[in-house]
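Residue strings, one per chain:
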Amino acid sequence: MGASAETVLFWIFAVPLIASAAGVVAARNPVHAAMSLVSAFFWLAGIYVLLTAHLLAFVQVIVYAGAIMVLFLFVVMLLSLTDAELGLEKLSALKWVGVVGAAGMLVLVVSALAQSGPRAMRAVGADFGTVRAVGRILFTQYLLPFEATSVLLLVAIVGAVVVAKEKI
Amino acid sequence: MKRFVGMWLVIGAVLVGLVGLFAAFYALAALGAQAAVALGFPGFFGSSIVNAITLMAVTLMTVAALLTVAERKWSAAMQDRIGANRILVGGKFPLGGVPYLLADALKMLTKESTFPVARSKFLFELAPVLAFSPTFALFAVVPVGPEVRVLGQQVGMWVASPDAGLLWVFALAGLSVYGTTLAGWASNSRVGMLGAVRASAQMISYEVSLGMSLVGVMIAYKTVNLQAMAIAQGVDVIGPIPAIGLLLQPLGFLVFFTSSFAETKRAPFDLPEGESEIVGYFLEYSGMKFGLLFLAEFVEVVILGAITAAVFLGGWHPIFFEGWLKAHLDPVLFGAVCAAAFLAKVIFLTWLQLIIRWLLPRFRYDQIQALCWKLLLPGAIVNVFVTGAAVLADPSLELLAWIGVVEIVAIFGITLAVARPKGAHAGHDAGDAHGHAAHAAGH
Numbered sequence: 001m002g003a004s005a006e007t008v009l010f011w012i013f014a015v016p017l018i019a020s021a022a023g024v025v026a027a028r029n030p031v032h033a034a035m036s037l038v039s040a041f042f043w044l045a046g047i048y049v050l051l052t053a054h055l056l057a058f059v060q061v062i063v064y065a066g067a068i069m070v071l072f073l074f075v076v077m078l079l080s081l082t083d084a085e086l087g088l089e090k091l092s093a094l095k096w097v098g099v100v101g102a103a104g105m106l107v108l109v110v111s112a113l114a115q116s117g118p119r120a121m122r123a124v125g126a127d128f129g130t131v132r133a134v135g136r137i138l139f140t141q142y143l144l145p146f147e148a149t150s151v152l153l154l155v156a157i158v159g160a161v162v163v164a165k166e167k168i
Numbered sequence: 001m002k003r004f005v006g007m008w009l010v011i012g013a014v015l016v017g018l019v020g021l022f023a024a025f026y027a028l029a030a031l032g033a034q035a036a037v038a039l040g041f042p043g044f045f046g047s048s049i050v051n052a053i054t055l056m057a058v059t060l061m062t063v064a065a066l067l068t069v070a071e072r073k074w075s076a077a078m079q080d081r082i083g084a085n086r087i088l089v090g091g092k093f094p095l096g097g098v099p100y101l102l103a104d105a106l107k108m109l110t111k112e113s114t115f116p117v118a119r120s121k122f123l124f125e126l127a128p129v130l131a132f133s134p135t136f137a138l139f140a141v142v143p144v145g146p147e148v149r150v151l152g153q154q155v156g157m158w159v160a161s162p163d164a165g166l167l168w169v170f171a172l173a174g175l176s177v178y179g180t181t182l183a184g185w186a187s188n189s190r191v192g193m194l195g196a197v198r199a200s201a202q203m204i205s206y207e208v209s210l211g212m213s214l215v216g217v218m219i220a221y222k223t224v225n226l227q228a229m230a231i232a233q234g235v236d237v238i239g240p241i242p243a244i245g246l247l248l249q250p251l252g253f254l255v256f257f258t259s260s261f262a263e264t265k266r267a268p269f270d271l272p273e274g275e276s277e278i279v280g281y282f283l284e285y286s287g288m289k290f291g292l293l294f295l296a297e298f299v300e301v302v303i304l305g306a307i308t309a310a311v312f313l314g315g316w317h318p319i320f321f322e323g324w325l326k327a328h329l330d331p332v333l334f335g336a337v338c339a340a341a342f343l344a345k346v347i348f349l350t351w352l353q354l355i356i357r358w359l360l361p362r363f364r365y366d367q368i369q370a371l372c373w374k375l376l377l378p379g380a381i382v383n384v385f386v387t388g389a390a391v392l393a394d395p396s397l398e399l400l401a402w403i404g405v406v407e408i409v410a411i412f413g414i415t416l417a418v419a420r421p422k423g424a425h426a427g428h429d430a431g432d433a434h435g436h437a438a439h440a441a442g443h
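Same order as they appear, the protein sequences are chains A and B. Residues 1 to 168, numbered by my numbering, are exactly what the first sequence covers, in order. Residues 1 to 443, numbered by my numbering, are exactly what the second sequence covers, in order.
Isolated chain A (complex conformation) (with noise of 0.2 Å):
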């Protein structure tokens, strides 16, 4: 495939990935926003897709989409919160720190990417993305880090089952 034709892929994940982000922030309705980041999160994994990590596209889609927020759906449907019960009106003065913060991530970035200037794109084997690469890597170099994630994300669930039932 040319750099042509990965050009207009690009454009055709990034362009939609951009908007749907947006829509996570302007939607009004708590549904719609987390639809949004759902669509977001399809499009990124086609960026990733091109990225040649392919295993990394997959399980953002698994892991995000198709775990994390269906439950934050779950819990925003079930809810159904009005403004007022979110509290939205009292935040205005946050929202202009917001606007603040994020006017300073944009700045931040822009300019170390100025900085760093164009770089060579760097070629890659052909196993880099594949699950066998990925998984030999993350058990031997990281093995230490893949194992204190584990018994993080344990604690997580022992906690969640603490909080959940009032009689073990």
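Hints listed in this document are in silico derivations from the structure and should not be mistaken for laboratory results. This one's a predicted model, so the numbers in the text were calculated from it and none came from an experiment. Careful: at least some of the hints might be erroneous.
Stated by the list, open to error - Below, computed lysine-lysine pairings styled on DSS-like, alpha-carbon distance capped at 27 Å:
| id | chain 1 | residue 1 | chain 2 | residue 2 |
| --- | --- | --- | --- | --- |
| 1 | B | K92 | B | K107 |
| 2 | A | K167 | B | K374 |
| 3 | B | K121 | B | K107 |
| 4 | A | K165 | B | K374 |
| 5 | B | K2 | B | K73 |
Stated by the list, open to error - Cβ-to-Cβ under 7 Å is the rule here; a few derived chain B residues that face chain A:
| id | residue |
| --- | --- |
| 6 | D163 |
| 7 | W168 |
| 8 | A171 |
| 9 | G174 |
| 10 | L175 |
| 11 | V224 |
Think of the CB as a built atom: it goes at the ideal place given N, C-alpha and C, for glycine as much as any other residue.
Once you've looked at the hints, dock chain B against the given chain A.
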């Protein structure tokens, strides 16, 4: 007797027809590959696009559409009725009820589209699409046939073969929750919402055991690519018996089949759509929007059959007489035979699902959750550890195969042990005789 012979003749004719059909599909895919090469692209671009049309748009959708009729006919057969036969082509031939397909399509397309006023406009329209498209796209990674050389091009009978094939299955199965959930929520109806909550709670739960049940298969075949799994299932493990998933992972098969059956939300797992209590998450949908939700269910049935066949029933390997077929047939024809064998397995598994629908009584909701979390999930986790230990001890898989044999014997033993004694079936024989008499009268 005449009917019995006729049945086998029809099955034989269908199998021969499938072989011819897939030979044609291979030729079309090769033409697509040639066209892509002529345009300066890799050959698999063309064959993938052609396969997307022939396998997904034609084969999958035809089987799913025919299933709507097949379900009526099987429901009728299980209840000792004749079933849909009122549409007579040329005033004479009911054609097995197949014309009902066109009648249904016509009805759904022309029906008045009603909708609740207080709906969430965009999401109401989006929900049926979200229910249908992930399930439909799931078929892309299913390897229908082996890779063969046709017209100078190396073509395979699949749309895509990504390295992380099974993860694609999990990802899209996870996305199909949104369709049902949003359908209920966007309708802004209490009853629809109840159905949606039941559906999503059930689907989220069973996704856990679904994912866990396939880990054993991944360990055994050392891959997550479905095509590589299909190839690995052709290797002999105990004498001449090939290492099919059903032999290596009987427990994994049971957990997977049950979990994905629950994912399709069909009886006995049809709590999200009880006619007598809450109707369902699709309560407010009419016309073709309902049709799409309805069709998504049948596509799920076919997909479940396809994934099960690819992972547990030996993929596209015909299994019987495979060596002879491979030695004596033209490679393209052998590929077509393999693809036909795969589709035959898929049709067998869909038929099994139609049977199960009427064999088992409906679960209660707490029973559904208890079955998932207290039986299937621990079973799947035990299966993962046993498989891991067996593969570690004997990488040739022979030990795992013997463990599988023991498991199969144990499953049969337990089933026989908990079966009701003969005396409890007092009315059974009489009912059977009645059934036969009715059938005889039907002839």
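Legend entry - Restraint status (C-alpha distance of B:K92 to B:K107 at most 27 Å): Holds: B:K92 and B:K107 sit about 22 Å apart, inside 27 Å.
Inset, instruction - Against chain A, run the beta carbon of B:D163 and see if the smallest gap drops under 7 Å. - result: Status holds, d = 5 Å.
Legend entry - Interface restraint verdict for B:A171 against chain A (beta-carbon cut-off 7 Å): 4 Å, holds
Legend entry - Satisfaction of hint between B:K73 and B:K2, Cα-Cα up to 27 Å: Holds. B:K2 to B:K73 sits at ~21 Å (cutoff 27 Å).
Legend entry - Interface hint compliance - B:G174 to chain A, C-beta minimum distance less than 7 Å: 2 Å, holds
Inset, instruction - With a cut-off of 27 Å on the C-alpha distance, tell me whether A:K165 and B:K374 pass. - result: 17 Å, holds
Legend entry - chain A contact restraint on B:V224 - CB to CB distance below 7 Å: 5 Å, holds
Legend entry - Hinted pair B:K121 and B:K107, Cα distance within 27 Å: 24 Å, holds
Legend entry - Restraint outcome when B:L175 is required to lie within 7 Å of chain A by C-beta distance: 6 Å, holds
Legend entry - Supplied contact hint for B:W168, tested at 7 Å Cβ to chain A: With a closest approach of 6 Å, the B:W168 hint holds.
Inset, instruction - Would you check the hint for A:K167 and B:K374, treating anything up to 27 Å between C-alpha atoms as holding? - result: OK: A:K167 and B:K374 at ~18 Å, within 27 Å.
The structure fails none of the hints (numbered hints given earlier).
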